[in-house]
Amino acid sequence: MTKGVKITLAVTAALVGLSVTCCFGTLALGLLGGEETAPTGPRAIGGAGFTFAPPASFQKAGEDHWRREQRDDTELYWVDVRRLPPIAGLEGADEKLSALWLKLLSDAYEQVHAPLVQRRFVSNGARAHFGRARLLRPGNPEPVTVSLYLVEADDRLEPFLVVQGCDTTAMGSQMIILFSFPRTHVFVEELLATVQGSPTGGSLASDDEVTGQFAFGDTHTAQWINTVTGATSMTAVARAVDFTFNDDHTYTYSFTGGSGQVGAIKFGTDKDQGHWRVEHDVLVLTGEKSTRKYFITGAPRGPDGQQVLLLQPEPT
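Counting from 1, one number per residue, gives the positions in the sequence shown under UniProt numbering.
Simulated pairs of lysine-lysine, DSBU-like, Cα-Cα distance not exceeding 30 Å:
1. 289 with 271
2. 266 with 293
3. 103 with 60
4. 60 with 96
5. 293 with 271
6. 289 with 266
In case anyone wonders, no lab produced these hints; they're calculated from the structure.
Model the full structure from these sequences, guided by the hints.
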């Protein structure tokens with residue numbers, strides 16, 4: 001049987017959507033060349049069920065505070081990391097992250113809202129809960145990317161506040177800063193590769209979090225203008241997806257979509273059924289027609305308390 005509640009499926013579509021997506025599993029990006037600051041030696045930090053050894057490329061900037069910078073011509077790419085006091089208990093991690101996010105950032109940044117809480121694994125397979133947003137500092141027009149991680153560690157959550165940015169005086173600085181995230185995120189992954197928590201060996205989402213009926217849909221339109229004749233037309237793309245994951249690990253799937261010029265849109269449908277299972281951080285759907293795989297990136301609660309399942313289609 002399924003749970004008797006209609007809940008939401010959010011299928012994320014890009015790796016660097018900042019406030020919505022990013023960092024599925026362990027993201028490994030190529031590090032571009034450039035001049036780096038002199039490194040300092042790592043020092044292991046830990047406690048029950050937790051270890052952390054800041055990479056040598058990160059300089060200590062204070063107590064539980066590290067920074068990495070890399071200069072490339074007129075751009076200075078940087079990451080600032082602070083380890084915060086642990087939070088007792090593993091339960092309610094989403095709510096704890098949202099509360100800490102608002103407490104830490106509301107006075108330091110403009111228009112701070114509770115983040116979409118996602119999940120990932122750290123280096124040894126322990127779970128981490130995180131939120132991310134691009135924010136503005138008061139009086140500073142250049143945005144930075146702020147992330148808050150809560151790493152599961154035995155009987156507590158170990159928080160890390162990460163700020164990524166780029167300083168530049170070059171022409172087109174806004175575009176350079178806007179697209180600096182992939183480069184600075186390499187530094188973040190380098191740091192997170194030294195984090196180990198506990199417990200390990202579990203899946204990113206429990207069977208209970210996956211069981212239920214989930215719906216997702218979106219619509220996009222575009223208007224076209226013939227610059228010679230002045231004629232206009234509009235095209236649209238729409239889709240609706242519905243999954244029902246039963247507690248006996250069977251599922252049903254339905255898709256309805258349409259695209260084309262408004263007034264002459266062509267529609268299509270698809271249905272499937274089969275069995276589902278969670279493998280580590282992947283939801284595997286073995287259907288009668290095909291096998292689908294989705295990276296699980298979170299299972300938070302929506303604004304109205306509804307269960308949300310965040311999925312990223314596995315590249316084919």
